[in-house]
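Using the hints, build the complex out of the two chains.
Residue numbers (the working numbering), protein chains in the order written: chain A, 1 to 332; chain B, 1001 to 1349.
It is worth saying that the hints were derived from the structure and are not from the lab.
Positions of the beta carbon are idealized from the N, C-alpha and C atoms, including for glycine.
Hints should not be assumed to be uniformly reliable.
Unchecked claim - Going by beta-carbon spacing under 7 Å, a handful of chain A positions derived as facing chain B:
hint	residue
1	Ser-161
2	Ser-193
3	Gln-197
4	Asp-228
5	Ala-262
6	Ala-263
7	Asp-267
8	Arg-271
9	Ile-274
10	Glu-280
What the hints assert, rightly or not - Per label pair, the in silico range of CB-to-CB distance:
hint	chain 1	residue 1	chain 2	residue 2	range
11	B	Gly-1035	A	Lys-94	35 to 43 Å
12	A	Val-107	B	Phe-1168	30 to 38 Å
13	B	Ser-1317	A	Arg-93	51 to 59 Å
14	A	Gln-136	B	Gly-1174	43 to 51 Å
15	B	His-1337	A	Asp-105	40 to 48 Å
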Amino acid sequence: MPEPLLQVTGLSKHFGGHRGLVARLGGVPAPRLVAVDDVSFSIARGEIFSLVGESGSGKTTLGRTILRLVEPTSGHIVFDGTDITTLRPAQLRKARRQIQMIFQDPVSSLNPRLTVRQMLGEVLRVHAVRPASQVQARIAELLALVGLPADSIDRTPKHFSGGQRQRIGIARALAVEPRFIVADEPVSAVDVSVQSQIMNLLLDLRERLGLTLLFIAHDLSVVRYLSDRVGVMYLGRIVEVGSRDQLFSAPRHPYTRALLSAAPRPDPNHRATIAAITGEPPSPLNPPSGCHFHTRCPLATDLCRSVAPLPELVAPGHEVRCHHHDHAAVTA
Amino acid sequence: MATVLGTAAGTVGTSAAPPILDVRSLTTTIPTARGTLTVVDDVSFAVAQGECFGLVGESGSGKSMTLRSILGLIPPPGRVASGEVRHAGRDLVRLSQRELNRIRGREIAMIVQDAVSALNPVYRIGRQIGEPMLEHRIVKGARSARARAVALMAKVGIPAPEKRVDDFPHQFSGGMCQRVVIATALACDPGLLLADEPTTALDVTIQDQILKLLVALQRDLGLSLLLVTHDMGVVAQTCQRVAVMYAGQIVELVRTDALFRQPRHPYTAGLLNCVPRLDGPAVRLKPIPGAPPDLAAPPSGCRFHPRCPLATEACRSQRPELVEVAPGHFSRCIRHHEMPPDLWKRLDA
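Same shape as in the complex, but just chain B (with noise of 0.2 Å):
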């Protein structure tokens, strides 16, 4: 039976509405001359209205690739093996690109890390931004598109919109082009917004003004967030709740605030020990021993027991269950129970 994981009652807020979007048991595989692989295993989490969602892990841990079987985005020959993904009464696993085609931008928009070139060169900004209204005819005419362009753009705080609706791509900063592409997925007045790596690719000073826009937005607009990143810093600042993510699999889910003072697994509790601070005393980290396992031949049991100082016999032969060690606070590790608090600390690195 799927469990709607963190949306049981006392996780955020006290809503009762269901979430605006539903994951249960997705799992998705892509066929490789190597056999195939599941980059997607069994990830089942829902996004409460209004909430920002972190998804966090490593390369390859299979967070993008849950967030573009959602909007079925997967590249065949990689598929949705099985799964639903539910999202205001229907299954979008089940729909067909067409009626998928009237959900992408209108009910859901995505973000991507590269904004540069999800821009197409040779179209001016304010027919880029409208071209999703136009689309789901949101607006009348190209007059009025461009128009709530001008509006947008203003949102997303371009200055000078009205001159600057008619520029190119090019003319634009790498920060001014992340707002274009927010401002383009805006357009239609989405309620769950998709953003995979949103400022990966940006210097700090302009991540730190594009994080602190869809913080504004999610406020201001109501909006729902579901946020990919592999920064701990960006989830702390952003994600009402979180999941972290290791080969394929959701090993941890819980608040924000929860995962930081108590992790319930040993990568999460890991991950958080050998990131270096900027306050606090400068002491030598304690790095994970090893590198993130080979989707091809993941090892068997729990995927993280071979870099794991808690593994026993039990972690390599048995597959562990994501189980609600405390309310709302979800662990994919059946030692959970037997975690010091300081269990990274204790080891030679």
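Chain A extracted, bound-state conformation (with noise of 0.2 Å):
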């Protein structure tokens, strides 16, 4: 198997839980916040990796952890060879010409005050990509490349529908010319039928230019739609692993045949298949034991209660985390 363009073992990021001064003098500490939680995974060169999960799976933790936009707690990035994680600040500068990100919300990651022009130049002259003469041919190159017409150089956001400003923010995470892209919720702010052109900008984009791509999504129809594998998230913890059709047609976790449950489906005659999943998502302040997913699993017993389940293959790149996946094929 060849070696993977990014890999990531052991990761964890907490938040808060420091002994500070009142917490040493007999006070309480303050409280942990565990929001990714000893995950590992690996993305291959040129594909679409997607990390699924509702609010709070700490998804979007994972992905600003990887351009260590935050710090992680413990764990390793290793990336095209190199270790990240202890990148010195220049290096990781640099590093970081390798991997970009695209924002969810198109109007607010977007200066207001700068033209397209003025916002690729920035990256562009930041990270020297090319040489001052370059420059302008480079922007033209860039917009061809996202559809956006050329006439919107001398423009600011305010002149543009949702759809174009993520156009935008893809041009901008592409000046300086990445191998690697987290798109954190590119699609979720922008309206149905323009969401589908946006995922093809960048279905195109991997075609053409090889990029790799980690994906966060809440939408699993989006990630069906764009993914080569997939990560299942919930309070922290990666649940189930596998390539797409792994994950969509033969689900091995309750909380992954949960989820594709109670998705709704653009059908009036579909019916779900299983029980609707009951109670809310446990805070991740307090986390449950054991499994997590327990209080709400229709198959919870005392072991997965008491004993965090470790990852199991269950077929050739399919893993899932859980005492009773077996069990959760037959009820199927």
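Take a look at the structure:
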């Protein structure tokens, strides 16, 4: 098997929980939130890997940790053979030419006072990707690449529709010719009729530029459309990971099954095949013992309440964290 | 002459009862620095007794503005410029704010998208649910309002209601806040519930729970529901009939099953064709080109013509009417009879 472009091993991110002066004097320590809990996965070159989960599952924090916009508490992120968890700021800036991000909100992630020319020009200058004489040509090239009209170059964000703003965000990420892009909910703030335009653009860019993508989303149908492989997150842990077909056609974790069953389908004749999931996701400040999902799981036993399941390989490339994944397969 | 869209015999059920809500040629305008925007443009539809009727569209399509216009909630200088909203023998458009206040929350209640900010953070939950009951005098005294609040909390699926009735909103999750908002809306036993994207801010497992709750309430209490959403999946699973809105206008109105089986407007067909699916083969989606129009400068003729694969010269010059193309099936497209079933599939993306 070829070496993956990105290899994440045992990555964790905790917020709070510092033993401050007050705590040491006998007070109560600040609560600790485990946003990302011992997560490992890898992404092959040219692959689109998706992380899907509900709010509070840790998917966004995980994405930001990979760019070191958030510093990990422990674990390693190896990008193209280099461990970027330990890079110093100067080296990190260099690495970020390889790894870029597309944000969810195309309104607040663009400076409202800058024109497209200024926005893209700034990126090209800071990273010194092209000599000054070629900057204008490169901006024009980027606009064409993301399907924006050439005359958009001197306009500010307010003159663009939501979908066009997201294209500007994509052009900005592509400006430095990255090999890897973290896209955090890039289509969830875009109108339905425009969503598929942006998704097709991402698929085309992957083909044309040989990009590798980490795609973060909550919408399962969007994930199914875009992904080669998928990881499902629940309260900081990846509970199931596999190829798109494994995840959508033969899910083995009760949570994945529940998510698929709960998603509204544009088909009036569709009837859910499994019972709806009950209860709400517990607070990540105080996650349940053992398997985090046991409080909502129809298959939960005493074992689930006391022992956190480890990832088990159920098929080549298909890993599940569930003590009862065999049972789950039978009750489909 | 105003037609009562979709209440003709044989559309939904066979009840001859008058609709609980009958919206006729409703037009709402908002003056802006860039000119007057017609955000709701000649909108007509009727909600039958006990029906769940959907208004579906993208942002700026006018679906939320239609909902607000019904209850007189358009902030000035925006206003309902013309049309009627008939409910229980009255035209709500002609009522004063004081008269509307006797109807809001009592006969017609509303659920908003952002439940967390809809609740007052400094009042206990029980007081918020009880407030409309006291306002409309359907209970006597705070004690009975509180007892009814507890009962309503149980009805909408809030665990341990007698304990939680004295909690504050920040002690509730987003999904539980939406249940509180629903309980508040049900406080005075309204006959009609207006729901504006009630599950959009919620996670998918919680959305599923809330939609099932609304459907159960509609069935058990005989409620009528007018549901605004952008999500075709939500429509498919909750609404009996649906109106599709585009740039302020209804472009198609029909029973939900017929809409998904055989859409008769190119926009609806395009929308259904460009949403990714959870089942079936994974084929490349064919997007609708372009973006929804700017209401300050709407396209001439048919508002959808710049994005439509069927558009002709007539579509550019002539404003199409919403016409009945099959019993109970309305479309605002002059070429509806020439629309091939695979209209969008033939296009190259």
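A quick look at each hint next to the structure:
1. Ser-161: holds, 4 Å
2. Ser-193: holds, 4 Å
3. Gln-197: Status holds, d = 4 Å.
4. Asp-228: violated, 11 Å
5. Ala-262: Holds, because the Cβ-Cβ distance from A/Ala-262 to chain B comes to roughly 4 Å (cut-off 7 Å).
6. Ala-263: holds, 5 Å
7. Asp-267: Since chain B brings a Cβ to about 6 Å from A/Asp-267, closer than 7 Å, the hint holds.
8. Arg-271: Check failed: Cβ of A/Arg-271 comes no nearer than 10 Å to chain B, outside 7 Å.
9. Ile-274: violated, 12 Å
10. Glu-280: Constraint on A/Glu-280 satisfied, holds at 5 Å.
11. B/Gly-1035 with A/Lys-94: 35 to 43 Å: Taking Cβ atoms as reference, B/Gly-1035 and A/Lys-94 lie about 51 Å apart, which means the hint is violated.
12. A/Val-107 with B/Phe-1168: 30 to 38 Å: Cβ of A/Val-107 to Cβ of B/Phe-1168: about 32 Å, so the range 30 to 38 Å holds.
13. B/Ser-1317 with A/Arg-93: 51 to 59 Å: holds, 57 Å
14. A/Gln-136 with B/Gly-1174: 43 to 51 Å: Given about 47 Å between the Cβ atoms, the range holds.
15. B/His-1337 with A/Asp-105: 40 to 48 Å: holds, 42 Å
Going down the numbered hints, you'll see the structure goes against 4, 8, 9, 11, while the others check out.
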